[in-house]
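I would like the entire structure built from these sequences, with the hints used as guidance.
Chains as they are written, first to last, in our numbering: chain X, 158 to 288; chain H, 572 to 915.
The set of hints was computed from the structure by calculation and includes no laboratory data. Watch out, some of these pointers could steer you wrong.
Claimed, not checked - Calculated cross-link-like contacts (lysine-lysine; reagent style BS3-like; alpha-carbon spacing at most 27 Å):
hint: 1; chain 1: H; residue 1: LYS877; chain 2: H; residue 2: LYS614
hint: 2; chain 1: X; residue 1: LYS217; chain 2: H; residue 2: LYS680
hint: 3; chain 1: X; residue 1: LYS217; chain 2: X; residue 2: LYS233
hint: 4; chain 1: X; residue 1: LYS233; chain 2: X; residue 2: LYS251
hint: 5; chain 1: H; residue 1: LYS578; chain 2: H; residue 2: LYS610
hint: 6; chain 1: H; residue 1: LYS877; chain 2: X; residue 2: LYS160
hint: 7; chain 1: X; residue 1: LYS233; chain 2: H; residue 2: LYS680
hint: 8; chain 1: X; residue 1: LYS221; chain 2: X; residue 2: LYS246
hint: 9; chain 1: X; residue 1: LYS251; chain 2: H; residue 2: LYS680
hint: 10; chain 1: H; residue 1: LYS627; chain 2: H; residue 2: LYS578
hint: 11; chain 1: X; residue 1: LYS202; chain 2: X; residue 2: LYS217
hint: 12; chain 1: X; residue 1: LYS202; chain 2: X; residue 2: LYS233
Unchecked claim - To give an idea of the interface, some chain H residues facing chain X are shown, with a C-beta separation under 7 Å as derived from the structure:
hint: 13; residue: HIS616
hint: 14; residue: SER617
hint: 15; residue: LEU665
hint: 16; residue: ILE672
hint: 17; residue: ILE676
hint: 18; residue: GLY695
hint: 19; residue: ILE700
hint: 20; residue: PRO829
hint: 21; residue: MET847
hint: 22; residue: ASN901
hint: 23; residue: THR905
hint: 24; residue: GLY907
hint: 25; residue: PRO911
In this text, a Cβ means the ideal position worked out from N, Cα and C, and glycines have one as well.
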Amino acid sequence: MDKSIFVSVVVSGLLIGVAFWFVSISPNTGKDAEVVPTATITDGKQIIDISAKGGYSPRKVVAKAGIPTILRVSTKGTFDCSASLVIPKLSYQKFLQPSGTEDIIITPEQAQGTLQGLCSMGMYNFQVVFQ
Amino acid sequence: MSDKNQKTLVFHVSGMHCSACILMTESELMEIPYVTHAKSNLKTHSVEVTGEFGDKSPEEIAEELSRTLRTHGYELSVEKMQKNAGWGDFTYALPIAGVIILAFILLQKAGLTNLITSSEVSYGTAFIIGLIASVSTCLAIVGGLVLSLSASSAKEGGTWRTQTLFHIGRLGGFFILGGLVGLLGNSMHLGLTANVVLGSIVALVMLILGVNLLDVFHFTKKFQFTLPSAFSRHVVKGSKHDHYLAPVLVGVGTFFLPCGFTQSMQLYALSTGSFMQGALTMTVFALGTFPVLALLSFGSLNIAHKPWKGIFFKTAGIIVIALALLNLANALATAGIISPLFNF
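Below is the structure:
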């Protein structure tokens, strides 16, 4: 095989590998040691805080299943896609104000399994895992 | 000029892809004094040239005629050149595309959005938001579309006019539609389903254009027809007989492309409640995105006439395909069909 082709293939392979490594770090794998934040429960209501700006934080939240839950999404000077929130399972779509908080009500019936939220273009996402 | 000195020769033309190319090659060849007749054939990629060539060999004639056509990207040869897909170009195109894609991802990871610290929108912030948007993930959809359209257009012999009209359409569209959003108080947001459908369509168009840019597979020539022919004729191929309207309309259409930044600007324009403020905010935002988009479109037009254009088109093709797949995966994830594959 031609030497330059070989170099090209190796370099491209490495680049693609690194690129995938950067974007595919899913919240489930990798940093297992990192503590997954849990939702707070006050007065029988569960509140999950997510901040939205250039992505969602925290990326993964563990919550208790089957209790009334409020997903509180706060924006602060958010002009990027993360303001355009979509939660497919709840058929929820809303364009959040650049700054403020938005409460999304999750009924006990909906608070099951894994809830995936993402921005309308799909490049930012977060998970709420009900246990 | 007696007829017996006239000779008719058939040459193979490389670089002839479109119907505009037929007119182009024919008219260019006819301008050569000793050529009396030229007839191009798109199907066989050949041209029949009649003229007084003296006792030059066909190879010499091909070389002479090529000199005229080379500036337009065509090359005449006696033998039908074996289908040169330019596989060698990939040696460079693949790593270059890799570096660009990686740089794009790193740029997203760098947290550009944190540069926006104010939560109030002024014309200044609208411009900066535009600048950031043009190198953000919006680039994957708007920039990807601009790159695929302009590189394809340049490849098919489009002119600077097509590109200019696109940008005029974009800026003008943002002004008028931004004003209407402010005036009517309707954000013109597309619903979730429409967003997903539009995202998927854009991704598919980009995919087809990207594969065509690679210019490797014979079957992609057939793929080309899967784009509506009017779309490909008016938008992609900026022929001499091009419509003014089509590139302008595509430019206006970018107002509706799913891009988070554009949408939040639209939301702000909505809150102003006035035509002028809405119009100006959206125009200033579009001006912010202009430098990068202009670089993409006029850059590809410029490069299309450089000797290393083969590498450029293949690089652009790979990047466009990668962005198209990214957009498609994102659109499907938004619809809840697949779980998200990427997170920036």
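Hints and how they fare:
1. For the given pair, LYS877/H sits about 26 Å from LYS614/H by alpha-carbon distance, which is consistent with the 27 Å threshold.
2. A distance of roughly 18 Å separates the Cα atoms of LYS217/X and LYS680/H; the hinted pair therefore holds under the 27 Å criterion.
3. For a cut-off of 27 Å, the pair hint linking LYS217/X to LYS233/X stands: about 20 Å separates their Cα positions.
4. Only pairs whose Cα atoms come within 27 Å are accepted, and LYS233/X paired with LYS251/X is accepted, the gap being roughly 16 Å.
5. Pair hint LYS578/H plus LYS610/H holds up; C-alpha atoms about 14 Å apart against a cutoff of 27 Å.
6. The suggested pairing of LYS877/H with LYS160/X holds, with an alpha-carbon distance near 26 Å, which does not exceed 27 Å.
7. A hinted pair counts as satisfied when its Cα atoms are at most 27 Å apart, and LYS233/X with LYS680/H qualifies at roughly 19 Å.
8. As the CA atoms of LYS221/X and LYS246/X are separated by approximately 17 Å, the hinted pair is consistent with the 27 Å bound.
9. Distance check on the hinted pair: LYS251/X and LYS680/H sit about 25 Å apart at the alpha-carbon level, within 27 Å; holds.
10. Annotation: proposed proximity of LYS627/H to LYS578/H holds, straight-line Cα distance about 11 Å (limit 27 Å).
11. Simply put, LYS202/X and LYS217/X have alpha-carbon atoms about 19 Å apart, close enough for the 27 Å limit, and the pair holds.
12. Taking the CA atoms of LYS202/X and LYS233/X, the gap is near 25 Å; set against the 27 Å cutoff, the hint holds.
13. A least Cβ separation of about 28 Å between HIS616/H and chain X goes past the 7 Å threshold, and the interface hint is therefore violated.
14. The criterion of a C-beta within 7 Å of any C-beta in chain X is not met by SER617/H, whose closest approach is roughly 32 Å, and the hint is violated.
15. Interface hint status for LEU665/H: upheld, as the beta-carbon distance to the closest one in chain X is roughly 4 Å, under 7 Å.
16. Interface restraint check: ILE672/H against chain X, minimum CB-CB distance 6 Å, threshold 7 Å, status holds.
17. The criterion of a C-beta within 7 Å of any C-beta in chain X is met by ILE676/H, whose closest approach is roughly 5 Å, and the hint holds.
18. Because the smallest distance between the Cβ of GLY695/H and any Cβ of chain X comes to about 13 Å, over 7 Å, the interface hint for this residue is violated.
19. With 7 Å as the threshold, the beta carbon of ILE700/H comes within range of chain X, its nearest partner Cβ sitting at about 5 Å, so the hint holds.
20. Among the interface hints, the one on PRO829/H holds; its C-beta lies about 5 Å from the nearest C-beta in chain X, closer than the 7 Å criterion.
21. Interface hint status for MET847/H: violated, as the beta-carbon distance to the closest one in chain X is roughly 21 Å, over 7 Å.
22. Here the hint on ASN901/H is kept, as its CB sits about 3 Å from the closest CB of chain X, short of 7 Å.
23. At about 5 Å, the closest approach between the beta carbon of THR905/H and any beta carbon in chain X falls short of 7 Å, and the interface hint on this residue holds.
24. Because the beta carbon of GLY907/H sits about 3 Å from the nearest beta carbon in chain X, less than 7 Å, this interface hint is met.
25. This hint holds: PRO911/H has a C-beta 4 Å from the nearest C-beta of chain X, less than the 7 Å allowed.
Against the hints set out earlier in the document, violations occur for numbers 13, 14, 18 and 21.
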